[in-house]
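K.L.:
Protein chains in written order, with my numbering: chain X, 25 to 499; chain Y, 23 to 717; chain E, 529 to 663.
It is possible that part of the hints are untrue.
What the hints assert, rightly or not - Here are the simulated BS3-like cross-link-like pairs (lysine-lysine), alpha carbons at most 25 angstroms apart as the crow flies:
(1) X:K376 to Y:K685
(2) X:K376 to X:K494
(3) Y:K640 to Y:K629
(4) Y:K685 to X:K448
(5) X:K314 to Y:K685
(6) X:K376 to X:K448
(7) X:K494 to X:K172
(8) Y:K409 to Y:K492
(9) Y:K408 to Y:K478
Stated by the list, open to error - Heads up, incomplete: computed chain Y residues facing chain X, CB under 8 angstroms, no partners named:
(10) T683
(11) S688
(12) I714
Hint data in this document are derived by calculation from the structure and do not stem from the laboratory. We put the beta carbon where it would ideally sit given N, CA and C, even for glycine.
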Amino acid sequence: MFNTLPHLAHLPAHLVLSLGLLFFFLGKTIPGIKKLPATAIFIAMLALAAALEASETGSHDLFFGMVQTDSFSRLYNQLYFIVSALVVVMLHFSDEMDRENDWENYGLLSCLILGMMFMTSASHLLMAVIAIEMVSIPSYLLVALNRKNPASKEASMKYILFGSFATGVMLYGMSFLFGMTGSLTFADIWNGLGSESVGTPIYYLAIGFTLAGMSFKVAAVPFHFWCPDAYQAAPTPITAFLSVAPKVAGLTLMMRFFADHLPVQGDSLTQMLSIVAIVTMVVGSFAALKQTDIKRLLAYSSIAHAGFLMMGVAVLNTDGRQAVFFYIPIYILMNLGAFMAIIYLAQDHDYKISAFNGAVKSNPLLVTAFAVCTLSLAGIPPFAGFVGKFYLFKVAMEKGLYPMILAAGISTVVSLYFYVSLLKVMIIDQEARTFSPLGSKVPVVFVSLCALPLVFLGLYWVPLVNWADKVRLFQ
Amino acid sequence: MISMIPLVPILPLVGALIIGLFGKRIQATIGEFATGVLGCAMPGLAALISFGSFFELIARPATDRIIVSHLAPWVSVADFQVEWAFRYDPLSAMMLMIITGIGTLIHVYSMGYMHEDPSYWRFFSYINLFLGAMLLLVLGDNLLIMFLGWEGVGLCSYLLIGFWFNNPDYAYAGRKAFIVNRIGDLGFLTGMFTLILFSAANFEVVTLSFGELQGRMDTLAQYTLWGFPVLEVAAFCFFVGAIGKSAQIPLYVWLPDAMAGPTPVSALIHAATMVTAGVYMIARMYFMYSLAHFTLEFIAIIAALTCFFSATIGMAQFDIKKVLAYSTVSQLGYMFLAMGVGAYSAGTFHLLTHAAFKAALFMGSGSVIIAMHHEQDMRKMGGLLKKMPITGWAFIFATLAIMGFPGTSGFFSKDEILEKAFEESVWLWLVGFIVAGMTSFYMWRAVFMTFFGEFKGDHHTWEHCHEQPKRTVVPIAILAALALSLGFLNVPDFMGGDYSFSRYLSPVVKNLEEAQVHGMPDSIDGEQHAPVHAEEHGDLLIEVGLMVGSVTWTLLTAFLAYYLYLVNPKAREALMSRAGPQAVFKVLNNKYYVDEFYDLVVVGPLKKCYAFMGDFDKYVVDGAVNLAGYVGRGLGILAGFLDQHIVDGAVNEVAWASQTTGKGFSLLQSGRIQALVGATLVFFAAVLTVWIVYL
Amino acid sequence: MLFNFGVALTFLIVMAGFVAGNLLVQLLLSPHNNYDAKKMPYDCGEEPVGSGYRQYNLRFYLVALVFVIFDVEIAFMYPVTAVFKDLTQDGWGLMAFVEIAIFVLILTVAFVYTWSEGGLDWIREQVKRPTSPRE
């Protein structure tokens with residue numbers, strides 16, 4: 025048994041989170057511990073995990089080919105910790121979740137984060153399945169916990185059923201792959217498929233079905249149908265979290281899954297992924313045009329963004345990985361800023377767009393920061409969203425994927441409409457009712473702090489590119 | 023200390039920024055005096071660094087006195103690679119000391135001069151900004167930074183001349199300065215472009231740094247541009263820039279009007295620093311000018327003309343500041359005259375001495391003006407020496423310097439110029455000689471009208487007139503002392519000295535005749551060549567003769583002023599009441615009607631041109647358009663119909679299609695999980711089919 | 529390889545077909561004699577009282593859920609115990625033990641949570657909380 029300890033030694037952050045998970049679930053039952061501040065312990069745990077993660081170096085193949093930690097996984101893990109910490113802040117300012125349940129919520133979040141970390145490190149199909157489930161099941165629960173929206177349980181139910189369906193399809197596809205190659209490790213699969221199977225129907229079926237589970241987490245078409253309902257009904261901090269973290273984890277899983285492909289397979293894979301990306305972008309952007317609920321609108325917008333990011337995944341080279349990693353922190357800031365602003369402004373949990381009329385009069389700073397985040401989502405220079413999209417377009421252009429770029433261009437243009445219509449509602453329309461926002465100014469500061477780097481990075485983004493450089497190779 | 027040189031321009035810029043942004047609040051919080059101290063702090067620090075660096079510099083061996091600090095790349099486009107780099111060598115060290123030293127003194131002086139002015143803090147912000155820009159100009163290692171500083175000082179002179187902008191005349195004066203300067207800047211830019219063009223055609227990288235340009239002069243000398251040698255064209259264009267910046271004919275008209283600004287501004291900008299930028303530029307680019315002989319001749323001629331011209335005007339002005347302004351133009355003429363005959367170190371030396379005595383003169387006049395409650399007309403002054411002894415004596419000492427009294431700094435510098443001019447051409451020397459006399463005359467006229475004789479103003483002013491506080495008067499005294507003593511830096515050898523200043527400057531600025539004798543115009547070999555003088559000591563006689571001649575002549579004209587203004591004013595009045603002299607005086611007093619001439623010949627026609635263009639546009643161009651409109655009206659209706667229903671319709675249909683598609687996509691989201699899963703299956707099957715069939 | 533999948537598919541079809549075929553034959557050939565008594569649910573010979581379709585208490589579902597989980601846990605433990613002796617001889621014994629212990633521990637934590645939160649109580653106490661507005 026002691027020869028597994030070295031493996032564990034390379035996963036300190038994971039251990040911390042597992043212990044945290046157990047702690048949060050047990051903690052509620054032990055009378056003395058119940059009185060400790062859960063939030064502080066959670067943040068401390070995240071900080072510890074982040075520190076441990078940052079002190080790791082080198083690339084390791086652990087647990088007999090199941091898990092691979094390298095700079096790619098480390099950087100993404102750090103991003104997950106940051107997102108979780110920010111979401112905890114958002115949780116504090118939203119009363120949609122019962123604060124009595126903090127211990128459980130944090131336990132579920134720990135499980136989620138652990139699952140995401142494994143998704144990013146997975147190098148074996150079974151690990152991928154376990155990780156996906158580890159992410160999905162807590163998120164099913166978290167979606168259901170909105171005590172202010174009675175539809176949340178229904179949305180969660182839909183999410184569960186859809187998720188199980190997707191997982192089933194994925195397992196079926198994985199069985200095909202196992203049948204074809206005799207192995208479940210990513211590298212062996214591509215070697216096993218070799219060049220003979222490229223172009224055969226079974227090749228597309230196997231990869232397509234396997235992709236189903238991953239695209240479910242990413243909310244790519246055609247597995248996006250759970251997204252609008254779940255996002256609308258879930259508590260808004262959870263929506264924010266879902267729109268960022270599991271999506272990113274799914275993308276990293278895709279990137280890692282496809283990374284070891286043989287050159288002869290590369291073209292077909294790229295084309296497969298680009299078709300998915302095109303459809304996702306187009307559906308996400310077009311469907312958002314007629315939305316009247318802001319959370320649904322942001323759900324479709326996140327679907328569209330998943331499509332853009334899949335552009336970066338589709339090119340299947342190190343440039344693409346760098347472009348995706350470059351975009352992620354920007355995307356995190358944009359989305360979290362936008363959601364926090366919504367939390368702050370929404371009254372009586374009415375998330376209809378018409379409820380935000382004229383918000384600028386009573387909250388000029390907040391709406392300005394929200395406008396920065398929204399325009400960045402739309403990809404308008406000089407904000408950072410433009411630079412991120414530019415890099416994604418660039419890597420696609422270098423690969424010569426012109427139809428995808430065309431679709432991306434069209435969806436960006438279309439998406440501009442609904443982003444700006446949000447701003448129009450907030451800035452130009454007359455106030456329909458008074459805004460009596462939460463007493464604290466912290467959300468405003470939060471959104472401003474999200475908006476400020478977007479402005480700065482939009483003008484000088486070289487530091488982020490240099491940070492993103494580390495994910496080019498799995499080292 | 024030399025490593026801190028990059029800080030020198032930055033400190034005043036930072037000061038300008040801080041005082042500019044927060045000055046109002048600072049002044050409200052800590053009071054006027056403390057704000058003034060704050061304003062003087064940055065230049066003071068810069069001065070400390072400059073002087074400290076200078077002492078370090080001269081401790082180094084003469085071959086090791088060029089220090090270039092490369093800070094960061096600035097423009098990096100293909101083969102045009104300009105850096106942020108500062109060049110510290112004897113020439114820039116001297117300029118730094120002048121600028122920061124006199125600058126700091128003037129800052130201190132301004133604390134007193136601008137006392138109780140409502141925009142006190144704004145003044146210090148601007149003047150710090152000016153200092154920063156000027157320091158960039160002299161410290162820059164390449165033409166682009168020099169240009170940055172060049173433009174910067176132009177801007178600051180506009181801001182400072184029009185400081186009291188509520189008075190429209192002052193505001194117009196500022197505008198005039200800026201516009202005339204810009205005309206000159208066009209020349210600078212053209213020169214720079216010429217150099218870039220030919221430099222880029224022959225070499226791989228163009229950095230515009232002076233070291234690089236110096237090395238490339240030989241290659242560039244071979245080319246011609248539209249029949250003219252390239253170096254001549256470039257040198258000429260740069261000189262056009264200098265004409266604008268340093269107020270030579272024909273672009274000098276802004277300088278006298280610039281006296282609308284506060285006196286410290288006149289002292290700093292229009293005596294000591296900005297106007298000397300042109301002289302500095304030629305000294306810096308000496309290697310180019312040494313190969314452009316026609317331009318040098320041209321410079322000398324223009325300089326001589328300017329010198330003469332403005333001295334004559336200065337003799338007939340009643341405003342004390344105007345006298346000093348025309349005197350500045352005239353002295354600048356001397357400096358360019360020196361440059362034009364290739365005696366670069368002589369010109370630079372005169373720059374140094376002129377900075378000292380002219381600043382002292384301006385500040386002295388400022389002190390008088392304040393004491394006289396902003397009265398500037400000399401006809402209302404007189405006998406002020408009793409009331410303001412320190413100012414008066416400082417003014418007198420500075421006048422001794424400007425006139426070239428033996429032993430003062432002006433004596434040594436002006437005499438060197440005249441001597442070099444004589445070697446080149448007797449006519450040039452003659453003009454310089456005559457002007458020396460005129461200079462002496464009008465300066466002593468000013469002194470006598472202001473400080474001696476009877477007071478001609480009203481009694482009330484006389485009662486309240488008193489010496490200014492120490493912070494005003496001490497800088498004047500310091501500068502007057504410098505004006506007397508700086509001459510000993512460059513004592514000619516026949517008088518026992520060894521031209522230490524020229525030798526100091528020689529690693530970086532080689533005079534023309536030296537270069538010709540030694541045959542190496544553009545290498546920095548750093549050898550200590552004692553500047554070669556008019557062959558052997560056989561011409562010692564000529565040198566001494568010239569010197570004695572100038573001194574005698576200036577003393578004569580000084581005595582003439584004394585006679586006409588103090589001893590026997592009635593003789594002057596009698597002279598002036600005759601028609602001839604009166605007419606001459608009127609012309610001189612009105613500055614030869616040059617401004618009116620420009621208005622008539624340049625500005626007037628330009629305005630008519632603008633009006634013409636406007637009318638042309640309104641009637642001819644618009645008329646044609648209207649005609650086309652009338653003719654095409656029928657087609658227009660048709661086009662409108664097409665546009666509205668078909669083109670717009672298409673656009674609307676696209677929008678409608680997008681929205682319907684969108685709605686369709688979102689309607690797909692029926693909410694019933696069975697339907698959703700079914701939809702998923704359908705879509706998924708579709709995707710798979712596409713994959714299998716098309717890929 | 530495709531051929532093998534084809535074999536599997538054929539097998540499935542034949543399977544389904546066989547079952548369907550049997551039912552079809554039964555439908556066609558068997559006598560149809562439906563009367564009420566035949567359709568009643570079996571209650572060990574007693575006569576049923578009341579309708580069979582009523583809402584059963586959710587508690588049964590909860591208990592069944594927890595039971596299923598632990599039943600599956602036992603199902604996982606079973607193979608481990610079966611090969612435990614061989615594992616010990618190969619030197620993996622301690623590791624296997626620790627692994628299965630961790631597995632059980634994790635589920636025990638869940639069990640503790642459920643127990644303490646009152647998931648296993650037959651009668652849950654009603655926590656008075658403000659009802660959310662129903663729109």
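K.L.:
Against each hint, give a clear statement of whether it holds in the structure.
P.N.:
Status of each hint after checking the structure:
Of the supplied pair hints, the one linking X:K376 and Y:K685 holds, its CA atoms being roughly 17 angstroms apart against a limit of 25 angstroms. Between X:K376 and X:K494, the direct Cα distance comes to roughly 42 angstroms. Violation of the 25 angstroms bound is thereby established for this hinted pair. Our distance criterion of 25 angstroms between C-alpha atoms is met by Y:K640 and Y:K629, whose separation comes to about 16 angstroms. The hinted pair formed by Y:K685 and X:K448 meets the criterion: a straight-line CA distance of about 21 angstroms does not exceed 25 angstroms.
Straight-line distance between C-alpha atoms of X:K314 and Y:K685 comes to about 6 angstroms, which keeps the hinted pair within the 25 angstroms bound. With a C-alpha separation of about 14 angstroms, the suggested pair X:K376 and X:K448 falls inside the 25 angstroms cut-off, and the hint holds. A C-alpha spacing of about 43 angstroms is found between X:K494 and X:K172, which places the hinted pair above 25 angstroms, so the restraint is violated. For the hint linking Y:K409 to Y:K492, the alpha-carbon distance of about 15 angstroms falls within 25 angstroms, and the restraint holds.
For the hint pairing Y:K408 with Y:K478, the CA-to-CA distance comes to about 14 angstroms; that is within 25 angstroms, so the pair holds. At about 5 angstroms, the closest approach between the beta carbon of Y:T683 and any beta carbon in chain X falls short of 8 angstroms, and the interface hint on this residue holds. Interface hint status for Y:S688: upheld, as the beta-carbon distance to the closest one in chain X is roughly 4 angstroms, under 8 angstroms. Because the beta carbon of Y:I714 sits about 5 angstroms from the nearest beta carbon in chain X, less than 8 angstroms, this interface hint is met.
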